[in-house]
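Protein chains in written order, with the working numbering: chain A, 1 to 325; chain B, 1001 to 1345; chain C, 2001 to 2151.
Since the hints were derived computationally from the structure, they do not count as laboratory data.
Beta carbons are placed, not taken as given, at the ideal position from N, Cα and C, and that holds for glycine.
Keep in mind that a hint or two might mislead.
[Unchecked claim] Partial selection, computed: residues in chain B whose CB lies under 10 Å from chain A:
1. A1029
2. K1041
3. P1136
4. V1203
5. P1208
6. G1240
7. M1275
8. L1281
[Unchecked claim] Computed cross-link-like contacts, DSSO-like style, restricted to lysine-lysine with a CA-CA straight-line distance of at most 27 Å:
9. A:K165 / A:K70
10. C:K2106 / A:K285
11. A:K187 / C:K2043
12. A:K242 / C:K2043
13. B:K1334 / A:K117
14. B:K1041 / C:K2140
15. A:K165 / A:K206
16. A:K119 / B:K1206
17. A:K187 / B:K1027
18. A:K117 / B:K1337
19. B:K1342 / A:K29
20. A:K242 / C:K2106
21. A:K206 / C:K2106
22. B:K1342 / A:K242
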Amino acid sequence: MKEVELKMLDRAKALLESGEVARVVGWKKGDFCFDPAPAVFETVEELDGFVYDWFCGANLSKYLIQIAKKEGKTAVFLKPCDTYSFNQLVKEHRIDREKVYVIAVECLAKLDVEKMKAKGVSMIESVEVVDKEVRVKTAYGEETLSKPEVILTKCETCQKTHQAKDEEIIVHERPERDVNRFAEVEKLEAMTEDERFAFWRNELSKCIRCNACRNVCPACSCVKCVFDNPASGIAAKANDDKFEEQLFHIIRAFHVAGRCTDCGECSRVCPQNIPLHLLNRKFIKDIDGLYGEFQAGETTEGKTPLTSFTEGDVEPKDVFQGEAK
Amino acid sequence: MYRIAKENLNQLYAKINETMGLFIPVKRAGEVNYAVWGEGKEVSLETLKTVKSPKNMFFPQTENMMKFKTDGKNIEVIDVREQWDERRPFVMFGVKACDYKAIEVLDKVFLGDPVDSYYKMRREATTIVTLACSRPEESCFCGVFGIDATAPQGDVTTWLDAEYLYWQANTEKGEALTEKVQDLLEAGGETEVEAQQTATKTVMEKLPFANLDLSKFKPENLNELFDSKEWESMSEACLGCGTCTFVCPTCQCFDIRDFKTNEGVIRYRCWDSCMYSDFTLMAHGNSRTTQMQRFRQRFMHKLVYYPSQYDGTYSCVGCGRCVNKCPQNLNIVKVIKTLGGKDND
Amino acid sequence: MQDVTTEKKEFTPNIVAFCCNWCSYAGADLAGSSRLTYPANVKIIRVPCSCRVNPMFVLKAFQRGADGVILCGCHPGDCHYVTGNYYTRRRMALLYSFLNYMGIEKERTRVEWVSAAEGARFASVMNDFVKTVTELGENKRLTDLRVKEGE
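Take the sequences, apply the hints, and build the full model.
Structure follows, in structure tokens:
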């Protein structure tokens, strides 16, 4: 990953120096080796803190809604999954494509420090990834973890490729893999109604309504969210009743249906680790099954499944009988 | 000092639960949070940091304040405090040193004038059993605020090792609780506790945030800090979610709202977050219109406004929850490092 | 021995029916003027087009105590606004499937197309839906307990 970072840094420097772009959006070093934060770099000096490592999981595309409005061109580093969100935002006219210079960067899955800590690793000092091994140095000693077990949930089933790029930085070829991203959804579908209800009740009861899932979501780009609008009649800041959690998550999932690119940020940011991506994936799976395969963010044009129709669409009652197929 | 074997802890919980409620870290759907104990619940004392702090025992995320029942032109006001069963005594078990200190921070707000009777009623009915830390992690920095994680205060202090839970009563309330569970306790443990404390302290000294410099955060520097140019870049990546405020043990802001039922209205309060765009929304609009201003408000309150109101006590206790949970890895440590003083470099 | 009578309150569900102004609402009208009966616990909410129904309406109805929600519009192809109900069809197919995914009984939600000429169909659809929901019992999974406080 270090050689990728150096290449990125070179490009960022060159772009800023030549004045081709006014700023670069990337990640900057944190206090540890595992907490880089999204950042905007406007000068070459600021690039001292630049970093691209195994923990740069954050999707930078949503920041562009605000940042790209500024004067001049903005360069941004986007991982494969981020480019879908970017395209979707361009499609919805939230970002002016002309004002952004996209540098597509490689990603061989990002690590989830919470999963590492859950394996008993704490006081992490440095992390090195060699093939499928994660070698961790801690104050308590050295440990080796299996990489597939500690990558972000969103990376587990990712097969995405760059959909938007003005240039590309790829050093390592990503190995091909065959995964079914709907496996978890299918598992839930196979349960009885009661079991499904119990599953979601248990998970959603942890929700603290911090709105992190909404605020990080690139598809949630409304200027004023209906849940923040006191005039909407449903604005609520906390869970007063279990209904509130359900209402929030159902409506949120529905609002992004057909536009959700499955970037998985919602699950990454949830402080209570609620598998929120399983809500969105149900919609994706249903849409694929009922109206033909559709991947939001693949292009910047065309209609989404919920803004189009065919005369022969399936009737809602048949969706029930066939369990969504 | 007393001790109780780890395998007997469930008996201890059951014994306490006979006469009092028990509020304890419980694992649910993979995450550990404080909850009311019951037979069969998976208690996890070993968890260093519950996702939410125990503050919701006294200051729940939502609580009904009063109800209005309407019947034609008559409105009946119902004081919900009269129906409370939470008045029964409660034991809050396993509170870490930082969270205990946080309760003191909240006490100053809620028990000072004007007294918050909702908070007070619960606070007074609760016996707090604290638990010393033995395996702090990199995000901990309670020492910076003068907290000794190996010897928390509280009505009873406990220590946990591989075999035993050690028990020491500190107050009258603590003595009363000890008496109730006396049958399950046996004397001993001083040497083990001391050994654990020494071992933990060596680790604490090596924590990466052990020496944060707070010297700049003084009331007299208020304007200088407020006007700092750094806020802009520090808050750039802030999503404006409420994670930091809702996992924070000292955040105390709330909103009061009405909910219409079929029969009338419920007036409730719920946690609010200064990170939200509708925080302190008034008829004229909002006093803070950008995320930078909201971000600044949160940290200025923790490190400058609160201390200037309450004799220099910071309203951060260094629990590190925001360090772990911020989706984009922004947190109070980064603010302290940037603005706190020259020893931070 | 004393005669013990167990007083059992019969369950009558609250049904919310969203009906489009041009077809289904007129269908309900026709049912009425033809003196066909359908249960009085069906509360009709008139909407300009079935497409006007936001998923939030459905959830709000459940929140405030509905036991079943039915959405009626013009037959596909007959929409007064040409294509409105085609969108409704996709939207509701996805929403209802999703609610079921979250464990909400699928029988509580329904979409039916009823034209202005189908008074008899309107009555039979409502009778059938009320029967189904009555058998299912009270909606406990998607309701806000605070709403019913004090009842």
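Now the hints, each set against the structure:
The interface hint given for A1029 of chain B is met, as the beta carbon of that residue sits about 5 Å from the closest beta carbon of chain A, less than 10 Å. At about 13 Å, the closest approach between the beta carbon of K1041 of chain B and any beta carbon in chain A exceeds 10 Å, and the interface hint on this residue is violated. Given the 10 Å rule on beta carbons, the hint for P1136 of chain B holds: about 9 Å separates it from the nearest Cβ of chain A. Against a cut-off of 10 Å between C-beta atoms, the interface hint on V1203 of chain B holds, since the closest Cβ of chain A lies about 8 Å away.
Interface hint status for P1208 of chain B: upheld, as the beta-carbon distance to the closest one in chain A is roughly 7 Å, under 10 Å. With its C-beta approaching chain A no nearer than about 6 Å, G1240 of chain B sits inside the 10 Å limit, and its interface hint holds. Interface restraint check for M1275 of chain B: the shortest CB-CB distance to chain A comes to about 9 Å, inside 10 Å, so the restraint holds. For L1281 of chain B, the suggested interface contact is upheld, since its CB lies about 7 Å from the closest CB of chain A, less than 10 Å.
At roughly 21 Å between alpha-carbon atoms, K165 of chain A and K70 of chain A fall within 27 Å of each other, so this suggested pair holds. Of the pairs offered as hints, the one joining K2106 of chain C and K285 of chain A holds, with about 18 Å between alpha carbons and a cut-off of 27 Å not exceeded. Straight-line distance between C-alpha atoms of K187 of chain A and K2043 of chain C comes to about 37 Å, which puts the hinted pair past the 27 Å bound. Between K242 of chain A and K2043 of chain C the alpha-carbon distance is near 25 Å, which keeps this suggested pair within the 27 Å criterion.
Using a Cα cut-off of 27 Å, the hinted pair K1334 of chain B and K117 of chain A holds, with the two alpha carbons roughly 21 Å apart. Simply put, K1041 of chain B and K2140 of chain C have alpha-carbon atoms about 25 Å apart, close enough for the 27 Å limit, and the pair holds. For the hint linking K165 of chain A to K206 of chain A, the alpha-carbon distance of about 39 Å lies beyond 27 Å, and the restraint is violated. With a C-alpha separation of about 22 Å, the suggested pair K119 of chain A and K1206 of chain B falls inside the 27 Å cut-off, and the hint holds.
With a C-alpha separation of about 23 Å, the suggested pairing of K187 of chain A with K1027 of chain B holds against the 27 Å cut-off. With a C-alpha separation of about 25 Å, the suggested pair K117 of chain A and K1337 of chain B falls inside the 27 Å cut-off, and the hint holds. A threshold of 27 Å between alpha carbons decides the hint, and for K1342 of chain B with K29 of chain A the separation of about 20 Å falls inside it, so the pair holds. Of the supplied pair hints, the one linking K242 of chain A and K2106 of chain C holds, its CA atoms being roughly 20 Å apart against a limit of 27 Å.
For the hint pairing K206 of chain A with K2106 of chain C, the CA-to-CA distance comes to about 25 Å; that is within 27 Å, so the pair holds. The suggested pairing of K1342 of chain B with K242 of chain A is violated, with an alpha-carbon distance near 48 Å, which exceeds 27 Å.
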